[in-house]
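K.L.:
Below, each chain spelled out in residue letters.
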Amino acid sequence: MSPTKNVLNYSYYPGCSLHASGKEYDESARGLFKALKIGLQEVPDWFCCGATPAHNVDELLSLALCAKNLELADAVEGDLAVACAACFSRLKTTQHKLGENEVKRKQVEQAIDAKVSLDKPVKHLLEILARDFGLENLQKSVKKPLSGLKIATYYGCLLTRPPDVPQLDCTEAPTIMERVLETTGAETVAWSHRLECCGANFTLSRPGVVLKLTGDILASAKRAGADCLVVACPLCHGNLDIRQKEIEEATGEEYHMPVFYITQLLALACGVPPGKLGFNSMIVNPTPLLKEKNLI
Amino acid sequence: MNNSTEKAEQAVTIDISGYDVATAEIRSEAKRLLTEKIVDAVVGYQAGRRKGSAVPVIITDPAQAEKLLFSPACVNNLSIYLTKAKKEIRAKGKLAVVAKGCDLRALAGLVGESQFKREEVVIIGVSCAGVHRAGIQPGEPLTNSTIAKKCRECSVHIPDEADLVVGKLPPLPDLPPKEKELMEKLDAMTPALRWEFWKEQFTRCIRCLACRQVCPFCYCEQCLCDRGRPQAVDTSPRPSGNMGWHIVRAMHLAGRCAGCAECERVCPMDIPLNLLNRKMAEELKELYHYEAGMKPVEKGPLTSYDEKDDQSFIK
Amino acid sequence: MKNIKNTKMELSQETMNVGFIKKVEALSGSSVRRCFQCGKCSAGCPMRSFMDHPPNRIVRLIQLGQWERVLAGRSIWYCASCETCSTRCPNKVDLAAIMDALRKLSWDADGPSKESYVQLANKLFINNIKQYGRQYEMRLAAVFNVKSGQFLKDLMLGPKLLSKGKLKMFHSKNKNLAEIEKIFNRIEEMRKNGDAP
Amino acid sequence: MSRIGVFICHCGENISRTVDVEQVAQAARQMTGVAYACDYKYMCSDPGQTLLKKAVAEHKLEGIVVAACSPRMHEKTFRNAAQAAGLNPFLCEMANIREHCSWVHDDRAEATTKATDIVRMLVERVRKNKKLVPITVPVTKRALVIGGGIAGIQAALDIADCGHQVVLVEREPSIGGHMAMLSETFPTLDCSQCIMTPRMVDVINHPRITLHTYSEIECVDGYIGNFSITIKKKARSVDMAKCTGCGVCMEKCPQKKIPNEFDKNLGFRPAIYVPFPQAVPNTPVIDREHCTKFINGKCGVCQKVCGPGAVDYEQQDQLVVEQVGAIVVATGFKLYDITEKPKGSAIKGYGEFGHGKIPDVIDGLTFERLASASGPTGGKIVRPSDGKEPKQVVFVQCVGSRAREKGISYCSKVCCMYTAKHTMLYKHKVHDGQAYVFFMDARTPGKSYDEFWRRAIEEEEAVYVRGMVSRVYQKGDKVVVMGSDIAVGVQVEIEADLVVLATAIQPRDGADTLAQKLGISYDKYNFYSEAHAKLRPVECATAGIYLAGACQGPKDIPDTVAQASAAAAKVMTLFSKDQLEREPIVARVNEKFCVGCLACKKVCAYGAVEEKEIRDRQGNLIRVVAYVNPGLCSGCGTCQATCPSKSVELDGYTDEQVMAMLDTL
Amino acid sequence: MALTITEENLRKLVDRLVKDGARVVGPKVAGEMTVYEPLTSGAELAPGTLPRRSAKEAFFPLSETILSFQKGKEGLKVEDVDTNAFPRTVLLGALPCDAAAPQVMDAVFSWDYKDEFYLERRRRTVIVGLSCTSADDSCFCTLVGLAPTDTMGSDLFLTPLAGGGYSCQVVSDRGKEFLAGYPELFAEAATVTPVPPAEPEGTPVDLAKVKLWLEEHFEDEIWEEVADRCVGCGACAFLCPACHCFDIVDEGTEQSGSRRKNWDACAFSKFTNHASGHNPRDVQNKRYRNRFMHKFKYYDDKFGKTLCTGCGRCIRYCPVGIDIKGILEEIGKKALSTKDTKGHEENHHG
Amino acid sequence: MKHDFEPKIVAFVCTWCTYAGADLAGTSRMIYPSNVRVVKFPCTGRIDPVFILKAFQKGADGILVSGCHPGDCHYMAGNFHARRRFAVFRKLLEFIGVDLNRLEFSWVSAAEGGKWVEIVTDLTQKIRKMGPLTQFTDLADEEQWSGALSNPELKAVYDQV
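Protein chains in written order, with the working numbering: chain A, 11 to 306; chain B, 1171 to 1485; chain C, 24 to 220; chain D, 27 to 691; chain E, 35 to 384; chain F, -19 to 141.
This is chain A alone, in the form it adopts within the complex (with noise of 0.2 Å):
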């Protein structure tokens, strides 16, 4: 296969969050992106899915956000490539359950004023680099693998769930991320809270619910011997990075575990600079880490 004859493009919804606190996350898809050669154009003047608050407690309104913005994500060429997996989740299932329910798109059509446009594919970041792009690609991309760096992959509940509507991968059993980040060389471990909640939804409103189920899976990971995480949602990673100090002090617990988007490190891995991957915006600070396994 030829890289110069399937160039890759995609048109990118990036969501709120990595426009803010997950920013990182932001810079480090598009260096890794460039450093891959696939293209990236983000959709102008997207907004909010409406994310969890808004299927909470209506769920039209979700649909119809949702709806919008795959409207204007239609005049942008290529796939919809999608960064953070509650937007994914979103997007996926206004699709789906637009797709299946006749009177629901009636309504959402009513209320975007416009045909609802359910045909532009939507894809996870993890999807477009383990499918599109393709492993093997992939690996043959790393400039500086990751050897020794043993990662904890999480999923979290937005990815893979329900069975039906984000086809990421299996729901129970999800592989993608370890199999794209095994082509860095690194190592991941098998965990037990791999796809437990970390309680996004309440970040806000109960920080204690956050606190307890972010804590159960940092010690899990900590169990299995993992050096980091590694996330691919911004609200994941705002619980684990964000408040892991709130934890530690809650619990007596010590974890200083840096809390990886899977982008900063298959950057890292694919030769972009250390600098441009967002780093010193983590709360826990990975470098001590990256510098004991010489990444950086």
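Since the hints were derived computationally from the structure, they do not count as laboratory data. It is possible that part of the hints are untrue.
[Unchecked claim] Think about it this way: if two alpha-carbon atoms lie no more than 20 Å apart in a straight line, the pair counts; the simulated EDC-like pairs of lysine to aspartate or glutamate are: (1) C:LYS63 <-> D:ASP467; (2) C:LYS63 <-> C:ASP75; (3) B:LYS1254 <-> D:GLU637; (4) D:LYS618 <-> B:ASP1396; (5) C:LYS63 <-> A:GLU182; (6) D:LYS543 <-> B:ASP1476; (7) C:LYS45 <-> D:GLU487; (8) D:LYS417 <-> C:GLU33; (9) F:LYS71 <-> B:GLU1452; (10) C:LYS205 <-> A:GLU119.
Predicted model, so just to flag it, every value in this text is computed and none were measured.
Fit chains B, C, D, E and F to the known structure of chain A by using the hints.
P.N.:
Using the frame of chain A, we list chains B, C, D, E and F on its own:
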């Protein structure tokens, strides 16, 4: 016998005037049965050579009926002559038999065990006040010291279930039971002591098998204990085999023994064999409310069961 | 508010609100009657320990048309929408969707738990969309803290995030904002007309 | 016998791990009579058996001891191997050094000693073993089926269709049993009568089926292949040969208000009656208890109106003797009547449910009659109290069942399904009604069963409440049911119009008496016991008697029919041979020694001991001895233990064999 | 001059003998009966009453091992009984009917087969007889040619004296030899007054004529008459001082055990039971006839002796009162008219 | 673990229940003392008291007779007959002077592997404490009656006979 106990008891003579009546009635009945050819032979008692003695006799001639008698010396349980152990007697044809109450119980048991049919035998029952114990010189009067132990505890002086009952029963003195007393004493001992007791008793057994031969219920064609292959108990008259023999015998008689105590009477070594049989009878009475009776029963206590039988001894 | 959690249920065609069942089924697109109370939803729910009625009981109460009991509880507001229940249900009862439906019904009915922080956060979130088109976490947090009366909550977290460039203090104008507002309005209109649930 | 071969099995490591098998083999070689001993990894394997067969030939072995697992596991295997090697199979014994030794002891030395002792015992035993030859008995290829419900009908038709004669005995005036009473059947909701009545007609028209209705089993003699059955045909008071079934007698009978048992007393019938219009045979019977003619002699209308003159007041009970080779018992069930506490029973009953006191609390079978198109209400569901249509119906499951204290501890198996069916039937007939079901578990293990139950809930909107009902009481014209929903954890109260109790299934009255006549065993509930729950589920421990339907345990129609066909297949297997072969572990009388006391006969539970007359050449009776009928003898050996002179011996377990074992102590 | 011994010295003699390691068998009280038993001291000696069982057990025990065997891989190992270990025995106080019996039995035990067990014991035994001073209606020694004072079979013979003590008559050399060992216990007396012997009552019979009668009356209704009642126990034979039939049985297992010689009795139904199942003496009276014949005819035919010493034990203890004395008297009466002709030959029991 | 005395225990069992129960103990790998020697019968109804006597004479220190629970007999009533037979036989042995602690009876069903283990273990331990049974075996060495009565109490009773 323990002399001191004997002495403590006032001498009581037992009225046996009814025995003469019985003798006369037995004679006339035997004569009639034989003459009218209702039976072919009568099993009864006649006088022995020793003065006052009586021995079993089988008569077929009505003329000989005059030889028959009844006296305190008529100790034998004549029912053995109706069993298959005495085929030559049965071969004589239809039989009549003279029976005391205790003997009649054995007859009832034999009917229950299909040894003969009740209607095949004419039973001449005798009202019996008692007979001599073993070791008494024939002819001695019947007193509380010469009477057999079984008679002291007899509950069947009049054998009602016989075809006819002869003789008459005089008022009887109340004699304290002896066998029961002895049994209680043994029961009160430790098992080890009881073992000593029986061991002493059985080791002197000479295996003459008189006990078996006089027993109405030991009518087997082949005694288990005579059997060679396999040998259930050693046949040698030694303590080991003797113990086995007497235990097996007691077990085989349990629920069948009618209490005639002939085994004990005939034992030349004075082994108190009836004590074992009595013990078994007591246990069966307590466990299964069974008592050997005057009427044949279909099933004995060890050939039947009740789902509610005691099983407190089973874990 | 009367604690009805433990009071006796008198079942009759009158007391069992079949309309409620139907409404939940319509909103969620999931069958309620299918549930046979295996309890798997409750078994895997990460939020079970924070709920008063476990998820399976929520379904059971809906089956019996006991809407007051469902909405009186706080369980629906503690659902994390993690979809674990829906993913694993042996009967394809989409409990996550049912939970959405219940929250909507509670919202509409001005339900007993509407002052919940969760509801508040949700409301602010949606208002943010309406107002700015995108979420601005700093503002969201600040307003939530003010509205929920927890002024100092996460006080330590804010500056740290700011220093890391993670909370934008300002936001740019979204060109599609008018369109968004139209969507809100149309939905409102549709509901007024009974065209939407 | 002095050429015994001893084969010690390692059983992989199961034995050799704990028992020094080589040492045991070595010790065996020293034992008297042992001509050959060896140990081998897997004696039961093909090479193991070959080893055995070779050794028999090479060492001219006359007996074999295989020291391995339990004889319950492999006795047959090794006996077959011995037979293949040309030995009588009964000269092969197993020494159990696995279950009874290596698996239960941990000290190697002790286990080895014990294994050696066990082998020594078995060697001594085998030396006394005798060649035994299987017993053959002739087979009468005619079957008796007891009970004319669906089980009996199915079994009878299957056997008769296979070409054998069948005698079918039914206690009631008509065959059909409970199935004829049902409205529609789960999970297909097809009409019970529609599938049942053609089968009933098949029975009466079948050239090879002799039908005795209104009849009972009086006495059973004989044994497998050779039963003699005495049947009491109760006086029907109607001559079956003359009766045309026109029904005029029933129309004219002045006694019309007798509660109809078939309709669970919801309707009425005359004193001369057939239980239901489709009855087979369609010959009425006079209920002498209620007939005026029989009460005071003052009627006789039926006789007067009977054209063919079939009514016969003088008819007497009649005894018929039938010779059969096999028996299928299919006596069915009854519903546990919770209104009365059974006499002498530990069952406490359910006063709290008001059954028998509250007219609108009924049992499942009564509901069937209400729902049946041929029932007393023509299929209209009404309350017994006032005939009104009930709008709220509560069904209670597990009434009597699964209730150690209040009833019976077993599960009645069909109630979950028929209750689900009842809710559907109800909903179909009363569209605006609501059915509630109180249940503890739904047990729906059958093809399309769970789907059926779910349909009742999901489509027919029956409200199932998990939790047992505590009490039922009358309140005005309502029946209040107090229960609890354990999923919600609160009490539930329903003001019902009708309450239907799914009462437990019990064996028919008199099941125990019949079992005693048949000589088959039954459990504490009087259900008949199968020989083996898994491997012989339709056979009785008593050879030649088979079970079909609910008499063996609660069962639905498909299971009943399947079991009936299985029983029929067993009968046909038996009938496939002219002679029957049995394991020769039976008692034998030594006629020379037997003194004819017949103690053996008294203790024999199988009636296998008979009296036998020994006569001389002139025909004179010499004596009577016992004789054991090998066809009847089951080989328990109680006779031998009872015989004072051991004149009866149990082949395979003789005193000689036992004593030889004890001699090794 | 007569040799005497006081009662006290007699007991002392026992003590001495016991001390010297001899087995002293003598009458001893056990419960209500007296039995011949090995004495442990002189005090146990209870002379004068007829013991329940005869004294033949001193030579011919109820049951004795004659060999033992052990089966091993190497074959059968047989171990014989060491007859040299039989104890030196003194049978003391045997009444004439018991003391005479061994001499009668010697004949059969040393006939075509020498029974070493019996003979060895006989060789090692000294019999001290005792004159009989009490008799009952069952006693009949005088009818069989013995007497209460008969010394037959005794080595020494004691006669109770009126004033106590015994006179002691030396009957055999062995007796003399024995006496020599204990001279100090005996005294000499010029005159002695013996307690009068007890002569049993009875009608004397001519044993020769009885034998002749028996020869001619093998088939006779008397047998049925006197013995139909016989129940077939072995009490008569087992109490008899002269009955000597025995049975050989193996006890134990096939692997190890012993062969034993046990008393047998002709009344037992299996006594002549053939392996085929046939029994020539199929009914009890025939068995009794054999017993009588053996005693008064066959034994005499073979050994010229009567196999009965008239002790009367079989009469006293017969369960059904079969009375050999009465039968003998009756036959004796019948035999008076019998002429001496040649009788039938009958197979002997051996 | 060694004990001063290891008794010989003989178990007479029926094949359907107790033998199968013992098999179950085996398949469940329950551990129990190795003293017991099992003699299998089709039914407890087949077990003759003579066997018990024989076993004692052959040196058994303890005996167990075990079969199906009442009502569970494979042969319908064999165990009922056995129950009576042994109820009576043990009374006889007791009267003869055998310590009944050495003779145990139990119902052990095919499902009661645990009960089998418990009963065998308890019996073994009990007999270990009691020591060897010499009553019967001693008799085998004795030839004749000694006439000696050592115990005065016994003598009194003896004399009374």
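K.L.:
Each hint should be assessed against the structure and marked as holding or not.
P.N.:
Tested hints:
{"no.": "1", "hint": "C:LYS63 <-> D:ASP467", "result": "17 Å, holds"}
{"no.": "2", "hint": "C:LYS63 <-> C:ASP75", "result": "17 Å, holds"}
{"no.": "3", "hint": "B:LYS1254 <-> D:GLU637", "result": "16 Å, holds"}
{"no.": "4", "hint": "D:LYS618 <-> B:ASP1396", "result": "15 Å, holds"}
{"no.": "5", "hint": "C:LYS63 <-> A:GLU182", "result": "15 Å, holds"}
{"no.": "6", "hint": "D:LYS543 <-> B:ASP1476", "result": "18 Å, holds"}
{"no.": "7", "hint": "C:LYS45 <-> D:GLU487", "result": "12 Å, holds"}
{"no.": "8", "hint": "D:LYS417 <-> C:GLU33", "result": "16 Å, holds"}
{"no.": "9", "hint": "F:LYS71 <-> B:GLU1452", "result": "10 Å, holds"}
{"no.": "10", "hint": "C:LYS205 <-> A:GLU119", "result": "13 Å, holds"}
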